[in-house]
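Colleague: Residue-level listing of the chains:
Number of protein chains: 2
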Amino acid sequence: MLSAEIIAIGSELLTPEKIDTNSLWLTEKLNDIGIEVMLKTIVGDDGARLEETVRDAMRRSDIVITTGGLGPTEDDITRASAAAAVERELIYHDEIEQHLRERFRVMGREMPEINKRQAFVIDGAEVLPNPNGSAVGMLLDASGKLLAVLPGPPRENQPMFTEHVLPKLKTRAGKVFVKRRLLRVSGKGESAVDEIAAPIYTKYADVQTSILFNKSEVEIHLAARSSDEAKAAQTVDKLADELATALGVAVFSTNGETLEEVVGKMLKDLGHTVAVAESCTGGLIGMRLTEIAGSSQYFIESAVTYSNASKTDRLGVDPYIFKNHGAVSAECAEAMVAGMRDRAKTDHAISVTGIAGPDGGSDEKPVGTVFIGYAGPNGVKSIKFVLPGDRHLIRWRTSQAALDYLRRQLLKIQS
Amino acid sequence: MLSAEIIAIGSELLTPEKIDTNSLWLTEKLNDIGIEVMLKTIVGDDGARLEETVRDAMRRSDIVITTGGLGPTEDDITRASAAAAVERELIYHDEIEQHLRERFRVMGREMPEINKRQAFVIDGAEVLPNPNGSAVGMLLDASGKLLAVLPGPPRENQPMFTEHVLPKLKTRAGKVFVKRRLLRVSGKGESAVDEIAAPIYTKYADVQTSILFNKSEVEIHLAARSSDEAKAAQTVDKLADELATALGVAVFSTNGETLEEVVGKMLKDLGHTVAVAESCTGGLIGMRLTEIAGSSQYFIESAVTYSNASKTDRLGVDPYIFKNHGAVSAECAEAMVAGMRDRAKTDHAISVTGIAGPDGGSDEKPVGTVFIGYAGPNGVKSIKFVLPGDRHLIRWRTSQAALDYLRRQLLKIQS
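Each protein sequence line maps, in turn, to chains V and Y. Throughout the first sequence, residue numbering follows this note's numbering, covering 1 to 415 in sequence. Throughout the second sequence, residue numbering follows this note's numbering, covering 416 to 830 in sequence.
I should point out that these hints are in silico values taken from the structure, not numbers from a laboratory. Be aware that one or more of the hints could be misleading.
To be verified - Pair ranges (Cβ atoms, derived): (1) V:257 to Y:625: 44 to 52 Å; (2) V:73 to Y:538: 43 to 51 Å; (3) V:270 to Y:627: 39 to 47 Å; (4) Y:488 to V:257: 51 to 59 Å; (5) Y:557 to V:210: 29 to 37 Å; (6) V:189 to Y:513: 25 to 33 Å; (7) V:48 to Y:524: 44 to 52 Å.
Claimed, not checked - Derived coverage of chain V by chain Y (criterion: at least 3 residues anywhere in the stretch with Cβ under 8 Å from a Cβ of chain Y; other residues may be distant): (8) 16-29; (9) 126-139; (10) 309-323; (11) 389-403.
The structure presented is a predicted model; accordingly, all values stated were derived computationally and were not measured. We put the beta carbon where it would ideally sit given N, CA and C, even for glycine.
All chains, full assembly: derive it from the sequences and hints.
Modeller: Rendered as C-alpha cells:
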C-alpha cells in the first residue's frame, strides 16, 4: 500500500485560532483509493524548517502533498523551499505570467510586479492550472516519489487535486476500491455499543472499524478495501447488516443520515405532521428538524414556552401543575405536548422541559433532569432522563433524546 | 524567544474523522507565556516515524510536547519511541505500578497485567501524576531542551500541563506577559473591516493583529507581548479602543462576548424582556438567546410559525398578507413581530421570515432573501437582507442579522 504525508504551510495555522482542515479532506480522498496517510505536519512561514520537512517526507513516503504558501508575498515560501528540498531549480514560465496579467486585466486591475513570483515553477514539474486563484500548483515525479504542491484555500486546492492529482495517484495505487458505511446509534454509550459490536466486527479482519462518540450518539465507521469492488461492498454491507441486527432499535441510521433526516423521512413516508413544544432547549429541536430542506412538508410549528405564563397561555398548561409538580415534571411535559398537538392539529407532537443548568438544580431534580413528552394517535406519554454535561451539552442531548423518542414512536406506527 | 513543537500521536488522528484539538489549547497556553509554536506534527502508531519526529523536534526546538500514545496496549508506542529518540532507557517504577493497582482496586477491578507497561518511565524524567487517568506523564531535561510527554485525552493532559509543565516553562521563558483582546464585528465584511482597521493596527508593530471571518462575523484578535505587564495591557487596550471607535456600532463586543451574550446583558441591564417569532430559522434565534445561563430573566417565549396557518393562528397574521405580499415580505415580518409582542406582552420582539433554500427562490426573491421585523416601545419596523451561503449558513446568518438588529434597537433605547 502506498503511503502519503500531508504538509500544511502557513504561520496562521500555528495560532490558537486556526486549524488545518485541508488535511481531513485530502485524507479521505487518499484513503478512498487505498493510500494511507502516515504523517501530517503543520509548518509556519519558515523556509529552513519547511525545506527539511519536505525533504524528510520525500525520503519516508511515496506521496507528499503540500498546501499553502504559494501567494505572491515574501511570506510565501513554498516554491523556494520545496525546490530546495528536491534539489531542483525554480524555472520562470512566461506563459504563467501572461496568464496572470490577463487574469488581473479581466478584473480591471494591473498585475502588481510582486505576482511575478507566482510564475516560477520547480524544474521538471507539471504546472497545475488554478481557475479559482492566482497560484498555480505543481506536480513532480522525483525518483519515483510524487510531490504535489497545492494552494491553501479549499476552493482552489480541492478542484485542482481532484482534476490533476487524483487520476495520477489512482494509476499509482492500482485497482483499489474502498467501500464505507457509517452506522449511527442513539441511546447507548460507546462501551455498551462496543461490547455488542466487538465480537462481530473482530471477525471481519479486512474491514477497518472505528467507534467514535460524538456529543450524543455513537458512530460506527466501517471501511473495506479491496481490488475487487463488489467484494469490498459485499463485505462491508454484510458487517453493517450484522451490526444493525445485533444493536437493534438503537441504530437509527445505517448510511450516515442524521437523526433529523431519519425522523423527517419517516414522517414524510407516513404523510404525517409534527409540532414541538420546547422549554429548556429554547428552539433547538425545531431548529434541527427544519435544518432539512423540504421539512415544511411535515414540520408545522413549535412553541418555545420558556416562562410558566407562556406554557399556560400558549399550550394550556394548568398552573396547578407548576405548583404541585413543578415545570420540570412528567405532568408538565405531558400537558405541554397534549396542548401543542391540540392547537397545531398535527399527527404527532413532542415536548421537552428540563434543567439545563448551571443553576436551578436540586437534590430531587439535579441539573440535567429532563422530561420528554409525546402525543400521537395512540395517546400521550413521557419519559425522564438525567443527562450529563454542561448547559450546551445537556441541551443538545435533550434535543437528541426527544428526536429519538419521536423516532421510536414512529417505528411503532410504521410496523 | 523560545520555540516549541507539538507532536500529536495516534493513528485515529490520521483518519478523515478526527482532528487534533489538543494542539490549539497548548498553542494558546504557550503563546501566553511568550513561547512560539514552530511546528506541529501528527504521527500514527508507527514507532520508527515517531522516534524520528521526536529526535528532529528535539534538535530544532527548545521545547517539545507530545500528546497521546501512553495507553497500556501494543499500539501505545510513545514511551519506547520517545526514550529511543533521546537515547535513554525506560526504567520500571514500582510505585507507579502500585498506584495503578490501587486505582483499579478502588474501581472494584483487578489491574490487567498489560497495564504494567504504564509503569515504565524515561530514565531521568520527572514523573507527572495523572489524577484523571492511568497514564502518567513525563518531563525530561535533555541537554537543555525540555521534552514533555503527556496523555491524549484533554481532561488528562490539560490539568497535567497546567500544574506540572507550565510553571517550568514560565521559568525558562522569563518574564513575558501576553495581553489579548478580541473584538467582534457584525454587519461588515472582512475586507471592509480591514480597510478601516489596517491603517490603525499597522501603527502598533508590537501588537500581533489577526482578522478572521467566522460564519457571520469578523473577529479581530489582538495580542501584545512584553516583559512589562502593564505596558502590554496598555498597548493592546489602546489599540482596541482606537479600533472600536473607528469601526463604531459595527463592533458588538470588545472582550470576546458572543452576540447573544451582548444582547442578553443589554436586556438585563434595561430590565426589559423579549419574545421571538421565527419562520425560516426554525428555532435558532430562541436557541441562541437561551444558550446563555440566566436568560429566563429576559427571554419569555418564541413561536416558530413554519406554516402560514400557524402564522395566522399563533401571531394573527392576516391571510391577506400571504396572498398579496407573500410569507416572505416586510409586511409579513412586521405582522409577525407585532402579533408576537402583543401576545407575549414583552418590551421587545423580533421576527424573521425568509427563504433558506435550496428550493423556494425566485427571480424577485432569490434564496437568501430574509426580512427581519422588530417591535418595541418606539413602534414596528423591518429590514431586508439577501444573505449568501447554503441553507445552514443562511439560517445562521439570519439569526445573526436578527440579533444584531435587536442590539442596534436596544442601543438607541440605552442612549
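Colleague: Has the region 16-29 of chain V got at least three residues whose CB is nearer than 8 Å to a CB belonging to chain Y?
Modeller: This one holds; 9 residues, not fewer than the three required, reach chain Y with a Cβ under 8 Å.
Colleague: Are 3 or more residues of the region 309-323 of chain V near chain Y, judged by a Cβ distance of less than 8 Å?
Modeller: As far as the region 309-323 of chain V goes, the hint holds, because 4 residues have Cβ atoms under 8 Å from chain Y.
Colleague: Can the suggested window of 44 to 52 Å be confirmed for the beta-carbon pair residue 257 of chain V and residue 625 of chain Y?
Modeller: Distance hint for residue 257 of chain V, residue 625 of chain Y is violated at roughly 38 Å.
Colleague: Tell me if the beta carbons of residue 557 of chain Y and residue 210 of chain V are separated by a distance inside 29 to 37 Å.
Modeller: holds, 35 Å
Colleague: Check the following: the C-beta atoms of residue 270 of chain V and residue 627 of chain Y are separated by a distance inside 39 to 47 Å.
Modeller: holds, 45 Å
Colleague: Do the Cβ positions of residue 48 of chain V and residue 524 of chain Y conform to the proposed distance bound of 44 to 52 Å?
Modeller: Once the Cβ atoms are compared, 51 Å apart, the range 44 to 52 Å for residue 524 of chain Y and residue 48 of chain V holds.
Colleague: Is the coverage entry for the region 126-139 of chain V by chain Y consistent with the three-residue Cβ rule at 8 Å?
Modeller: Check failed, 0 qualifying residues.
Colleague: Can you tell me whether the CB distance of residue 189 of chain V to residue 513 of chain Y sits inside 25 to 33 Å?
Modeller: Holds - the Cβ-Cβ distance for residue 189 of chain V and residue 513 of chain Y, about 31 Å, lies within 25 to 33 Å.
Colleague: At the C-beta level, are residue 488 of chain Y and residue 257 of chain V separated by a distance inside 51 to 59 Å?
Modeller: Once the Cβ atoms are compared, 33 Å apart, the range 51 to 59 Å for residue 257 of chain V and residue 488 of chain Y is violated.
Colleague: Taking a Cβ-Cβ distance under 8 Å as contact, does the region 389-403 of chain V have three or more residues in contact with chain Y?
Modeller: holds (count 3)
Colleague: Cβ-Cβ distance between residue 73 of chain V and residue 538 of chain Y: within 43 to 51 Å?
Modeller: holds, 47 Å
The structure fails hints 1, 4, 9 (numbered hints given earlier, in ascending order).
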